[in-house]
Structure formats: structure tokens, C-alpha cells
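**Student:** So the chains spell out like this:
There are 2 protein chains.
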Amino acid sequence: MIAEKVLFLVLDGISDRPCEALNGQTPLSAARTPVLDRLAAEGVCGIMDTVAPGIRPGSDTSHLALLGYPPQDYYTGRGPLEAEGTSIHMTAGMIGFRCNFATVGGDGLITDRRAGRISGTGPLSEAIREGVDLSALGVGFRFESGAGHRAALALTGEGLGDAVSSNDPKKEGARPLTIQACSDDPADEKTARACNEFIRQSAEILARHPLNAQRLEEGLPPANLLLIRGAGKMGAFPPFQERYGLSGSVISAATLISGIGKVVGLEHIPVPGTTGSVDSDLDAKVKATLGELERKDFVLMNIKGADEAGHDGKAIEKRDFIEVIDAALEPLLALSDTLIVICADHSTPCSVRDHSADPVPVVIRGPGVRVDPTVRFDEVSCAQGGLNRIRGCDIMPIILDLINKSHKYGA
Amino acid sequence: MIAEKVLFLVLDGISDRPCEALNGQTPLSAARTPVLDRLAAEGVCGIMDTVAPGIRPGSDTSHLALLGYPPQDYYTGRGPLEAEGTSIHMTAGMIGFRCNFATVGGDGLITDRRAGRISGTGPLSEAIREGVDLSALGVGFRFESGAGHRAALALTGEGLGDAVSSNDPKKEGARPLTIQACSDDPADEKTARACNEFIRQSAEILARHPLNAQRLEEGLPPANLLLIRGAGKMGAFPPFQERYGLSGSVISAATLISGIGKVVGLEHIPVPGTTGSVDSDLDAKVKATLGELERKDFVLMNIKGADEAGHDGKAIEKRDFIEVIDAALEPLLALSDTLIVICADHSTPCSVRDHSADPVPVVIRGPGVRVDPTVRFDEVSCAQGGLNRIRGCDIMPIILDLINKSHKYGA
Numbered sequence: 001m002i003a004e005k006v007l008f009l010v011l012d013g014i015s016d017r018p019c020e021a022l023n024g025q026t027p028l029s030a031a032r033t034p035v036l037d038r039l040a041a042e043g044v045c046g047i048m049d050t051v052a053p054g055i056r057p058g059s060d061t062s063h064l065a066l067l068g069y070p071p072q073d074y075y076t077g078r079g080p081l082e083a084e085g086t087s088i089h090m091t092a093g094m095i096g097f098r099c100n101f102a103t104v105g106g107d108g109l110i111t112d113r114r115a116g117r118i119s120g121t122g123p124l125s126e127a128i129r130e131g132v133d134l135s136a137l138g139v140g141f142r143f144e145s146g147a148g149h150r151a152a153l154a155l156t157g158e159g160l161g162d163a164v165s166s167n168d169p170k171k172e173g174a175r176p177l178t179i180q181a182c183s184d185d186p187a188d189e190k191t192a193r194a195c196n197e198f199i200r201q202s203a204e205i206l207a208r209h210p211l212n213a214q215r216l217e218e219g220l221p222p223a224n225l226l227l228i229r230g231a232g233k234m235g236a237f238p239p240f241q242e243r244y245g246l247s248g249s250v251i252s253a254a255t256l257i258s259g260i261g262k263v264v265g266l267e268h269i270p271v272p273g274t275t276g277s278v279d280s281d282l283d284a285k286v287k288a289t290l291g292e293l294e295r296k297d298f299v300l301m302n303i304k305g306a307d308e309a310g311h312d313g314k315a316i317e318k319r320d321f322i323e324v325i326d327a328a329l330e331p332l333l334a335l336s337d338t339l340i341v342i343c344a345d346h347s348t349p350c351s352v353r354d355h356s357a358d359p360v361p362v363v364i365r366g367p368g369v370r371v372d373p374t375v376r377f378d379e380v381s382c383a384q385g386g387l388n389r390i391r392g393c394d395i396m397p398i399i400l401d402l403i404n405k406s407h408k409y410g411a
Numbered sequence: 001m002i003a004e005k006v007l008f009l010v011l012d013g014i015s016d017r018p019c020e021a022l023n024g025q026t027p028l029s030a031a032r033t034p035v036l037d038r039l040a041a042e043g044v045c046g047i048m049d050t051v052a053p054g055i056r057p058g059s060d061t062s063h064l065a066l067l068g069y070p071p072q073d074y075y076t077g078r079g080p081l082e083a084e085g086t087s088i089h090m091t092a093g094m095i096g097f098r099c100n101f102a103t104v105g106g107d108g109l110i111t112d113r114r115a116g117r118i119s120g121t122g123p124l125s126e127a128i129r130e131g132v133d134l135s136a137l138g139v140g141f142r143f144e145s146g147a148g149h150r151a152a153l154a155l156t157g158e159g160l161g162d163a164v165s166s167n168d169p170k171k172e173g174a175r176p177l178t179i180q181a182c183s184d185d186p187a188d189e190k191t192a193r194a195c196n197e198f199i200r201q202s203a204e205i206l207a208r209h210p211l212n213a214q215r216l217e218e219g220l221p222p223a224n225l226l227l228i229r230g231a232g233k234m235g236a237f238p239p240f241q242e243r244y245g246l247s248g249s250v251i252s253a254a255t256l257i258s259g260i261g262k263v264v265g266l267e268h269i270p271v272p273g274t275t276g277s278v279d280s281d282l283d284a285k286v287k288a289t290l291g292e293l294e295r296k297d298f299v300l301m302n303i304k305g306a307d308e309a310g311h312d313g314k315a316i317e318k319r320d321f322i323e324v325i326d327a328a329l330e331p332l333l334a335l336s337d338t339l340i341v342i343c344a345d346h347s348t349p350c351s352v353r354d355h356s357a358d359p360v361p362v363v364i365r366g367p368g369v370r371v372d373p374t375v376r377f378d379e380v381s382c383a384q385g386g387l388n389r390i391r392g393c394d395i396m397p398i399i400l401d402l403i404n405k406s407h408k409y410g411a
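Protein chains in written order, with full-length UniProt numbering: chain A, 1 to 411; chain B, 1 to 411.
Simulated from the structure, these hints should not be mistaken for laboratory data. This one's a predicted model, so the numbers in the text were calculated from it and none came from an experiment. Careful: at least some of the hints might be erroneous.
The list makes no distinction among identical chains, and a pair is therefore deemed to hold if it is satisfied within one copy or across any two copies.
As the list claims (entries may be wrong) - In the DSSO-like style, the derived pairs of lysine-lysine whose C-alpha atoms are separated by at most 27 Å in a straight line are: (1) LYS296 to LYS170; (2) LYS408 to LYS171; (3) LYS408 to LYS287; (4) LYS171 to LYS296; (5) LYS5 to LYS171; (6) LYS5 to LYS405; (7) LYS262 to LYS5; (8) LYS262 to LYS171; (9) LYS314 to LYS296; (10) LYS5 to LYS408; (11) LYS262 to LYS296; (12) LYS5 to LYS170; (13) LYS170 to LYS287; (14) LYS408 to LYS314; (15) LYS171 to LYS287; (16) LYS405 to LYS314; (17) LYS262 to LYS314; (18) LYS405 to LYS296.
Chain A on its own, in the form it takes in the complex (with noise of 0.2 Å):
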């Protein structure tokens, strides 16, 4: 038998480094996991670098890498993949930036760069979309809420460059930064003056907001100044079905996760109750993506929390987490006919508290898998597992020959 259909789950920064809060294992190998056991045990196994050894991913790149879309030639900065998932659909040229609603005191000093973490910013990016002066910006633009206190702009025009700094001064009690063009390109240049002009004449807007006036009232910073960062111009990218001639699905509620999959022509499917941290509701998320493994051939699910507890450093709440998801996960097992693989994007070592280019751990389970005698989803004992070491480039061609779909090269 051959599979037809692909569940690909990316468990973010699952994987980890020796915890001394431990004794020395590692999250994952630390935690109860009978059910990622099982499906290490039925399948073949290895460890992968999913950019290359000893290269530090981001989790875009290496998503990005994972899809068969190699960063290298695709990857352009996060803005545009962060405003793809913030629902602005981004097409080539136009620059994508990530923003926050943040708050300003009157002395010009930023006091809160989350805006005390306001959510439910839907009208105040109404009233930006409705009272920026296009002639004074120059340019067009798309402006949208993302989650909580975040948000996403896109200039859209001729001649705008992506070698901008931002605003952000990455710290509270310091002033606003002025945009500036990190070359002499007048396209640099034109997309700095006009990001600096969008922030002033937002802020305008913002400060004159009754949602603003009424969180003064209720004595909670306004959200008086947007925050934005990492430009970068969105690229041309083939899309995932005419490459590889599958229909596909994105379920994450990372919005860089989902924004990467639209970006390659994944559908993304919101899933109510997940949140990307640990008190997401997976099993809502798993259901889902058995629903959608009805209606298409490859569905991603991302599951963000354990990369959440290794940056906040917590070695126990994510091998907690990872027992959770485990239990999540328990729905996989009767799903014989379907290629299921099983890795992380980057290790988060909570000794770390950022990613690492530890290689990740990654199982294949499904129809035709040479079974190799692992039978523990870890760090370790994956690195026995009989897939050895791959990158995550070599990902999707593998997936594509497990399922058929790969073509001969030569005779």
C-alpha cells in the first residue's frame, strides 16, 4: 500500500539540551510519551538539521526549509510571512513589516511596548485604514490587527526597497526611533519616509481614538504609537500545489506559521480555542486537521507551546506541555493509510532560552517506512533511528517518494 494523504506536525521547538532541572535528560526524553513512542516504534527515524549543521533557524526559515521552499532562495526577512498570516494577502514587491500597538507618554518615552498587551485592536486599525492621507504617505498600504497587541503593515507601490531599521527601540523609557534607509538606494529611502510618515499619521489617529480616551478612563495604557519591524519584500513563490501536485492546509495559530503557508498556497485553517501557547486546545487542532485529511492531500500542523516554555527557560512545564500533546496526539495512531511525519523546526534549549541548531528529531510513519528498531521519540534515540541524519530540504522530496508522487530522474 501506498499513503495518498500527508499529515506533516512540526512540534515547535520541541527538542532541547540535557536539563539540569532534569538530571540532565531533556524534555522530551524526560516526558511520558506512549503515544510519540508508539509511532518512532512503527516507523524510521533520524535527526535532522533543518537548515544545516550548526546553523541557528528561525522558525521561519526552517518552516520555510521543511516546505522545500529553501531559505536561501526564498527567505526575505519575517514582515511579509508575519503579515501574510495577519490576513493581508501579500503579492511580490510589496514590503511587509510586523508592528505592535505600543504606548508613548507625553514626555515622548515609551512606557509599554505591548500597550499593556490590549486585545481587540480591530477598531483602531479601521480608523488607520480609514485616516492615513495616501498623498502625504505616497505610497498604498494595507494595514491589519493580528493577535493581541500585534499587527501587520504592507507598502505597496513602485519602487520601494526593504533595507529599512525600524522604530522600535527594543526597550522601555527610550524614545521612538526614526526609520532609516540602510542604503543609499532611493528605494530604501522612499520606503523609510513613508514608514516614518505612516507612524505619524497613525499615532495622529491613534491619539484622538475614543477606544483610547476610554482605556485612559479605565486607567489602561493607550495604545498611541505602532512599533514596526522587520522589512522585507515578499518574494515569488511557486506554488505548493503545482510543485508537488498536492492540496494543502496550514493549522497553526502562530501567525508566522500560518503566513508562511498561505505565502506558499496552503489553505489556512483557523482552529477556535488554539492560542500557540500551552493552554491551546489541542485537541481541537487535532480534530481538525483529521477533517481537513478528508478534504486534502497534505495538511501542516504546527504546534508552538514547547517553544514557548523553552524560551521562557521552564525545563518542567515543557515536558509537561509535551505530555499533553502527546495525549493530543493519541488520534494519530488509527490513521494507517496516512504518511505522518513527525519532527520539530529548531531545538529551544530552556538553557538557552532562545533556538539552537541542535538537530532535531524526526519520525516517518506510514504505508511502505523501512521500520528501524527505535522505539523512543527523542533526541537520542532518534539519532540511532534509520533515517540518521537529513536535512530539512530533504524533507518534502522524501515525503514525495513515500507517497508516489516523486519524479524519476533519468531512465
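Assemble the complex: chain A is given as a structure, and chain B must be docked to it using the hints.
**Tutor:** Here is chain B on its own, set in the frame of chain A:
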């Protein structure tokens, strides 16, 4: 905990193939190596193609790869690296050569390619430096004595090429050759002319030198001819410290290795009593290395003797010297906060009596490393290890990641 210091130990040519004299074991697997085995047990192991699978490396190309300078981009022949190791400071564009002091008879035939393994050639080199007529030479030069019968030459000036042959016929009883340009490029012809003129003038100077008159009186072969080979144009090496943010030293008795260290900007620390052979004072070398680790972030230590035994085809001597090395490494076990990387630069099988492309064992031991089940440091055991199979150019990125000095690619 994250290590801040790195000890990079290259056991030159230590790996091998099964040896008949050792009942099919390799010298490394036959040796009793409790220290290396304990490091293997406490670390993560693997095998490594220092250049690429099946590519038979020189010590020069492999060390460049191990230091993260891909030889395909940076290697321009052994001459410039030997010259740098022989205290000639090479700058980009200089043409470097390895030289031997040799003996030529009255009939013009070479009687000893190493002039009776002469040593103490300093006065001869000084006479050459003072006596060579630059106007006839047409270029500038540096010339320095090395260990024993060895020396190094560098030519300086505009329009010099490095595609020239050698005057060494590689056997005794033959006439020295005329150095020729290997192309029609006038730059190569200029270098060939300068070399031949340098050989002619230096032979005249050596012929009348009192040290040679004294050798003749003592019945020793005079050093009356220079054999020069290994021409290469010195390239530009981005400094190690700028590239990696690490200060570093190199400890090696082999001029080639110290030269490679020096061209990338490592400080060469000479250690009295070390010879690059099986009679080297390894305790002094290890002590010097531990001392350097107090001052520097990164120390490259090379221990050469096992390679020599492999070149001589002496399996039992190689095994025994490996046990001597192991005993000398005992102080490394106490370096709990240092990242220790141990590997070979290539295999030197006794059956081949030269380098081979068989992958080399590698172990990384220190804070943050994922400990694998491997408990023996040998060619076959390490192939079961958690690093699987990597390449020489992967090792510096992996080191930088483990000491938290790598840069994130993406967000």
C-alpha cells in the same frame, strides 16, 4: 550551563583501517584508551568526512575545513602555509614554497635530498638572505630555516604566478630539474625565472659557506642545493577572531599546522620538547594547552605522532603511541566547563602508508551536549554515535552553536 572555552584537539591521522598485525583491529580500537573512552561516554560521538566522502584530504585541506575555511575557497597549495609556519609572515599575493636543503655531487646528481638530515641551518639561511642579488632575481624574497633540513621561501612583488613546477626530481641519483611555468601566463613565467635564479645564486652561496666546508671535513654531506616545491599564492583569510568572535591559539609542532593556524589569525604557542613525532613531550603540550585556555577562548592542539606511524606502516607502534597519547590527555577529564572536541584530520591507514578518505571519529564533550550511548572512541563505535556523519566544515558551526556564539538565521 554553556561552555565559553573550546579545546579543539586534532589527533593527526589517528584513524585507520583493519590491520593484519592487530588481528583485524585498527590501532585505535586495539589500543587501551580509558581517557578517550571516558570522553566518548560523557559526550556525543560521530564520524566525519573532513573534506567530503571519499575525498582523501591532506593535513592542510582538512585543517582548513575543520577551522571553517573551506579548502575549495581557501586552499592555494602547501607552500604559503608552510612558509607562514616557518616564521615568514605571508601577506595576500606572496608566492610561498617549501624547501629542502639537499646535497648535489660534482657530477650534478643529487646524492641526498635532505643533506644528511642536517639541522641548525640558520647560518646558511642568513648567508642566502644577505648574499642573493635582488637585481638579478627581479623580485623580492623571504627565506627562513625550518626544522631539520627544511626551509621556506616566499617571493614578493607584482605580477607573480604560482603555477610553476618544482626542481625536486623526488629521487636521489637524478639531476635537479629546471623549474617551469605550467601555463603561458607571463606571471607564472616570471615566478619560474625568479625561482631558477634563486636556486642558482643560493647554490653558489652555499658552496662557499664555511659550514659546508666543515661538514665535508667531518664526512657529512654538504647542504649545497635548495629543492623547492609546493608553490602557492597566499590568499586573504578572514581573521578567525572577527569571524567567530573568539580569540585563539594553535599548539602544534608541525609547521604546516601552526602555519594554518597563523594564517587564520591564531597565535602560535611553541612548546619546547614537542617534535611532531612519537618522541614528543605530550605532557608539556597538554600543559601548555591548558595554560592557553586560561588566556584564550579557543585552542587548536595537534598531536602528530600517530600519523607518522601510519605513514611508516607500523600498526603496533601506532597502537602503542595512541596509548601514550591517551595517558597524556588525562588532565582533560577535569575540564568540566570547556567544550572539548576531539577528532582526526584524516585517516592514515598502515596498509596504505598515506592518508585515506575513511571518515574519522569525532567526539564533542562538554556542557549542553546530548550524551549518546557510545562509550568507545574508535572508528566503528563512533559511527553509532549521536552526531551520525558530519563534514569537517560543519564542526565550527556546531561548536559555535554549543557555546552560544552562533547567529540566528531568521526569526
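**Student:** Next step is simple, just say for each hint if it's right about the structure.
**Tutor:** These are the hints, each one checked on the structure:
1. LYS296 to LYS170: Cα proximity of LYS296 and LYS170: none, with 41 Å in one copy and 32 Å across.
2. LYS408 to LYS171: Between copies only: 20 Å across, 54 Å inside.
3. LYS408 to LYS287: neither (36 Å within a copy, 34 Å between copies)
4. LYS171 to LYS296: neither (44 Å within a copy, 33 Å between copies)
5. LYS5 to LYS171: neither (46 Å within a copy, 31 Å between copies)
6. LYS5 to LYS405: Intra 11 Å, inter 41 Å, cutoff 27 Å: intra-copy only.
7. LYS262 to LYS5: Only inside one copy: LYS262 and LYS5 sit 19 Å apart there, 43 Å across copies, limit 27 Å.
8. LYS262 to LYS171: Neither way: LYS262 and LYS171 sit 32 Å apart in one copy and 42 Å across, limit 27 Å.
9. LYS314 to LYS296: Neither: 36 Å inside a copy, 33 Å across copies.
10. LYS5 to LYS408: The answer is within: 20 Å in one copy meets 27 Å, while 33 Å across copies does not.
11. LYS262 to LYS296: within (15 Å within a copy, 48 Å between copies)
12. LYS5 to LYS170: So LYS5 and LYS170 fail the 27 Å test inside a copy (44 Å) and across (30 Å) alike.
13. LYS170 to LYS287: neither (39 Å within a copy, 45 Å between copies)
14. LYS408 to LYS314: Between copies only: 21 Å across, 47 Å inside.
15. LYS171 to LYS287: Close neither inside one copy (40 Å) nor across copies (46 Å); limit 27 Å.
16. LYS405 to LYS314: between (42 Å within a copy, 22 Å between copies)
17. LYS262 to LYS314: Neither way: LYS262 and LYS314 sit 32 Å apart in one copy and 43 Å across, limit 27 Å.
18. LYS405 to LYS296: Within. Shortest intra-copy distance 15 Å satisfies the 27 Å Cα cut-off; inter-copy 42 Å does not.
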